[in-house]
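In terms of the numbering used here, the sequence shown opens at residue 48 and continues consecutively.
In short, the hints are calculated from the structure, not lab data.
Be careful, since some hints might not be right.
Unchecked claim - Simulated restraints on C-beta separations:
(1) ILE196 - TYR162: 38 to 48 Å
(2) ARG259 - TYR184: 36 to 46 Å
(3) ARG190 - ASP228: 27 to 37 Å
(4) ALA167 - TYR89: 43 to 53 Å
Stated by the list, open to error - Here are the simulated lysine to any residue pairs, SDA-like style, with alpha carbons at most 25 Å apart:
(5) LYS235 - THR249
(6) LYS235 - THR170
(7) LYS235 - THR191
(8) LYS235 - LEU262
(9) LYS235 - MET159
(10) LYS235 - VAL218
Just so you know, even glycine gets a beta-carbon here, dropped at the ideal spot from N, CA and C.
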Amino acid sequence: MLFLRRTLPLLLAFIVGIIGIVVFYVPHSYSQMLETELGRWYRIIWAFAMLLGIYSLMRLHWSRIRRQQAGWGYSFLVFFGFGLMFIFSAYNSGNGPLVPRSNSPDDPFNWMFQYVQVPADATMFSILAFFIASAAYRTFRARTPEAAILLVSAIIVMLGRVPIGAAISDVFPLLAGWLMDVPNLAAKRGILLGVSLGMVATSLRIIFGIERSYLGGGE
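Could you build all of it, start to finish, from the sequences and the hints given here?
Written out as structure tokens, the structure is:
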């Protein structure tokens, strides 16, 4: 049992990780064939992982309904939405699940996605604007020199991105462009470089079995 729960996953992670590194850095026809085969296995595993994720989601929300935890009423919406979209997907405008789906806007599945899912996403992200404004107000208090620089830079960028800034002075768009193209881009590239190095380090830790949190069990 210990072999299946710990040793086998570690062994698979090591083998697949090493193979992935080899096929990426070795430009050989066999490497390309192996990469294609790994891509096929990835799609197969992804399909089974999707089924496992659906089962885990349904189990979680069923547990909330059964225990009547806080917000358990929203779990009914999860079951309702999942069941409704599954039925529309299988119906496929009367063609059945084995026929490729059309992009017709009259299809119930596409209609639900376009006129329910997309507006709901837009509503959720628009609500985040108020939280961002509140966080910006708390952050942009010039209590320290760094906060003062952040406040001045934010004001310049905001004025340079709206027509009223250009109406006040032509300097604001130029300063805003310089701030976005030079300091902002440099900081962004530094962050991306740090994230990339962190991903490489984490990948190596997983491949060599140092990082084992994905095995579960609190380890």
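These are the hints, each one checked on the structure:
| no. | hint | result |
| --- | --- | --- |
| 1 | ILE196 - TYR162: 38 to 48 Å | 45 Å, holds |
| 2 | ARG259 - TYR184: 36 to 46 Å | 42 Å, holds |
| 3 | ARG190 - ASP228: 27 to 37 Å | 29 Å, holds |
| 4 | ALA167 - TYR89: 43 to 53 Å | 31 Å, violated |
| 5 | LYS235 - THR249 | 21 Å, holds |
| 6 | LYS235 - THR170 | 28 Å, violated |
| 7 | LYS235 - THR191 | 23 Å, holds |
| 8 | LYS235 - LEU262 | 33 Å, violated |
| 9 | LYS235 - MET159 | 37 Å, violated |
| 10 | LYS235 - VAL218 | 24 Å, holds |
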